[in-house]
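Chemist: Sequences and hints are given; from them, build the entire structure.
Number of protein chains: 4
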Amino acid sequence: MELAMIGLGRMGANMAQRLVQGGHVVSGYDPGEAAREAAAANGIAPKSSLAELVASLPAPRVLWMMVPAGAIVDDTLAQLLPLLAPGDVVIDGGNSMYKDTQRRAAMMASHQLGYVDCGTSGGIWGLAEGYSLMVGGEAALVQRLRPLFETLAPAADKGWGHVGPVGAGHFTKMVHNGIEYGMMQAYAEGFSILQHKQEFALDLPQVADIWRDGSVVRSWLLDRTTDALKDNPTLEGIAPYVEDSGEGRWTVAEAIELDVPAPVITLSLMERLRSRDKDSFADKLLAAMRNAFGGHRITRQ
Amino acid sequence: MELAMIGLGRMGANMAQRLVQGGHVVSGYDPGEAAREAAAANGIAPKSSLAELVASLPAPRVLWMMVPAGAIVDDTLAQLLPLLAPGDVVIDGGNSMYKDTQRRAAMMASHQLGYVDCGTSGGIWGLAEGYSLMVGGEAALVQRLRPLFETLAPAADKGWGHVGPVGAGHFTKMVHNGIEYGMMQAYAEGFSILQHKQEFALDLPQVADIWRDGSVVRSWLLDRTTDALKDNPTLEGIAPYVEDSGEGRWTVAEAIELDVPAPVITLSLMERLRSRDKDSFADKLLAAMRNAFGGHRITRQ
Amino acid sequence: MELAMIGLGRMGANMAQRLVQGGHVVSGYDPGEAAREAAAANGIAPKSSLAELVASLPAPRVLWMMVPAGAIVDDTLAQLLPLLAPGDVVIDGGNSMYKDTQRRAAMMASHQLGYVDCGTSGGIWGLAEGYSLMVGGEAALVQRLRPLFETLAPAADKGWGHVGPVGAGHFTKMVHNGIEYGMMQAYAEGFSILQHKQEFALDLPQVADIWRDGSVVRSWLLDRTTDALKDNPTLEGIAPYVEDSGEGRWTVAEAIELDVPAPVITLSLMERLRSRDKDSFADKLLAAMRNAFGGHRITRQ
Amino acid sequence: MELAMIGLGRMGANMAQRLVQGGHVVSGYDPGEAAREAAAANGIAPKSSLAELVASLPAPRVLWMMVPAGAIVDDTLAQLLPLLAPGDVVIDGGNSMYKDTQRRAAMMASHQLGYVDCGTSGGIWGLAEGYSLMVGGEAALVQRLRPLFETLAPAADKGWGHVGPVGAGHFTKMVHNGIEYGMMQAYAEGFSILQHKQEFALDLPQVADIWRDGSVVRSWLLDRTTDALKDNPTLEGIAPYVEDSGEGRWTVAEAIELDVPAPVITLSLMERLRSRDKDSFADKLLAAMRNAFGGHRITRQ
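Chains as they are written, first to last, in the UniProt record's numbering: chain A, 1 to 301; chain B, 1 to 301; chain C, 1 to 301; chain D, 1 to 301.
For the record, the hints were derived by calculation from the structure and aren't laboratory data.
Remember, identical chains collapse to one label, so a pair may be satisfied in a single copy or spanning two.
In silico lysine-lysine, BS3-like type, Cα no more than 27 Å apart, as pairs: (1) Lys158 / Lys197; (2) Lys278 / Lys197; (3) Lys230 / Lys158; (4) Lys197 / Lys99; (5) Lys197 / Lys230.
Modeler: Next comes the structure, spelled out in structure tokens:
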């Protein structure tokens, strides 16, 4: 198929490249010149503006957005709107909040424009291994875009699916990331216990490696954890500072909205907040309270 | 009554003093000379050894131990054993693990010695306000010691009770402390949220004070929290470092042993561990994992 | 002062009554006739419509809303708007979300109408004991309403305060309730551990009572817990089903928005969701997973 | 090699069979006749007593125990002790507590008997896929047993390793299971959120299947979860009742003992306790407390 990729960052550039490798004709736009040049080197036809990008596509057009979730998606759609024609379709492959996606799809539909959401998992490994794609939208649109999904996925019939109406893709991806937070935290706690058991002087990369074959906890995340531990067994120089990027928060909010207890996913998010709270007011107050009622010594800083 | 206080630290000295004020005749022993001298100034007859202490008491003797939980209790009992006579009774008013108490009571009983456990709450405020006392042991022994409990408690008929067989007092006090951990953590988190809401520039000591009268969250711990916040509204100079002292851990272990979920008490303990884990291996590994699978930037240290 | 109470439910009726007892002239409106009649019996002049209520008040008018949070507040304000005149002030004493309060205050201000939020704690005990009031709004307005706060609070100078701009009162009350969730959960877990320790056959009402005097965990909530346990020591006939009413959820959302870890408050909310999830899909899936990988037996239902 | 398998339950029988398939000569003992007969059908020479089993082995003997953790291990060793000769070695491949293992190894060493612990993961799939083996013990002993590990593991050089001194194998396996609890809970919560989102009518087996290829959360546990969901998409007839088997509890206890926060692993255990607490006293007390302070309605049962 012929399509345009909007956003040639880490994810967009890799996905465009995988599409090119799969025989698709891909043009691309990114505000950064370096990103456009890098894409060009990988067979993606760079365009210097959205207008140019849209103009270069045959109708009905297919445009795939890989831009950061939030206002940039709305801005991009606002810029695209006057450039597109009825029948064109835009795919949001980023980590948008599913309610935003539903709102945007309704707006697009009012202009006879198609809108499909594609929750995309796989990180920087997706280029080589293929991406897991959770697709939401109208069946006819999803069918039209099928060749793209078949190329981006690990195999034509594996790792992707049409999961429901528009928004369902991003919803599913959101929960996927919530699970990811919980799994990561479980591994992190486990390896931390192993690391603190000085009596056994365990070799963490070795343990991780042993678990990769045959164990109940084997996983792709464990493979990556093994890489990380082999690369830097003591994690020297790495700050205990963990970012989060929205989808964990939304999963927690959604769980509460649905009255579904999700304590482990929630706590995994809280642990990330905690990692960044280096001068915890709560902990200071606890220390002050212990002193106030029990005379317990306060550690000074 | 006439009795001996073994251990004249913060808790023991105050309790001995409250007993003296209540008309009891109290002698005391502590390995520290300064502690003995301070006690003497408060009307407690200091003795320079356990032998001297025991020898000075009329039979049947009453000895109240206020020493740190653990081996020191066993050591003290081992030293007392050859000095005591059948019918004497020892009260453990400290924070001993209730299973240790049961073991010690059995040992004492085999020598015709009485053993009573008294979970004691009230901190440094107990001297003035009275202590809450959870007493375990044989009914006849508890009855014999009743005048002491009536003096130590806030009132003769308030704040103390015979809760069950030996061990039950320490068990009840252990759970009391588990609850205390949870309450403290709830306040600490709440004030931390208030403190971070810069938009409202809330005056935390004022808010705490407002809550002290009429609110659902009013409590003695809130009174102490108000003191702490008035004394140091920004908690300047206080390290976010929170100790724990055993009873929270035992409460968690007991909950699990009884198959009783106690997530909030447990998490309150975990938060204290977390406050002391300044270079968290788990957080470092999470950061390394995010980098390994998603190419997310690592913060360096 | 003269004022109108809008909403004569459990909270509104009690507060109106306390204001009457404090010498204020109070008229009241409630859509329910029974509520109006009950209020009349307590010295509140009942009005059969908002129009009649507003018409009966001297300008500048003071109206206190005690209605359920959410759309009813907006509806009430929409009905009041054409009836009010510049200089009138409406107080929202309910559990509104503080962002709604900020939005409503801006709307009211655009009509030269004052808007004050008053977070109100105290439950059904407030009538007798006074309420804890967290007031947000412009200083001049709060000053004008001062006699009301002084009457509603436990004492003229206790249990109430002007904590910040409009919204700050509801924000502070929201966090108050978050803390309340955590404290309640801590007590509930603790008593559950005590209840499961059959070996000691503890008398829970007795233990609660002992803790009420002198202990570190004494509190007004513990007093109420003692009442509940004395009334029904085995909690016979009470379903393990716990409602929540919005403020806990908002506290969690706010904590996450502010990047403040609040694990215990959050988990306390989750436990309430859990209490209502009687056929947990998560638990079923865990059982199914254990069977699928380990052949572990599934309990059938 | 020639060896004996003690315990021919689900795990022992499968492992013995895999050893036979790998060319080893395996005799076996189990108190159950049916288990012995089933083993015989798979090429394992059944023995009707431990004495017969030991007598049939060439010296120095190799005996692999796969019996339930706890007293049965001690009993088995007590029965073996008079039957063995210096130089014989016993492997504990079960889920023993590592401190028990250390104690037992010391006891065995005092009789010149070797003792090796082998944490074994893989469940009922290990027969076909191989087991992940975490081995603790003296290097020379581990080296002697190497052919067994190479056969049981998925490949001679994969999925097994000598991780440290005796006890280290069981310790590592214990933490492995703690991680497993956290991962399972994360998946269970995520799928529960998906299941409750009725708006999207998601097909859970489809979503699980999509995630198996290319996603960040792909794992062996997800493969098994997919099986379970395909087999029974609504989990009909499965009670929300989740057992635990010791290792999660020990992981929590160990984390606390090491001062390592492990909130997600801990909470995963608590959720299992919660799944079995169908008439929660804590929840009843929360409902009673809400009624006592706020007049909130109690749901009756």
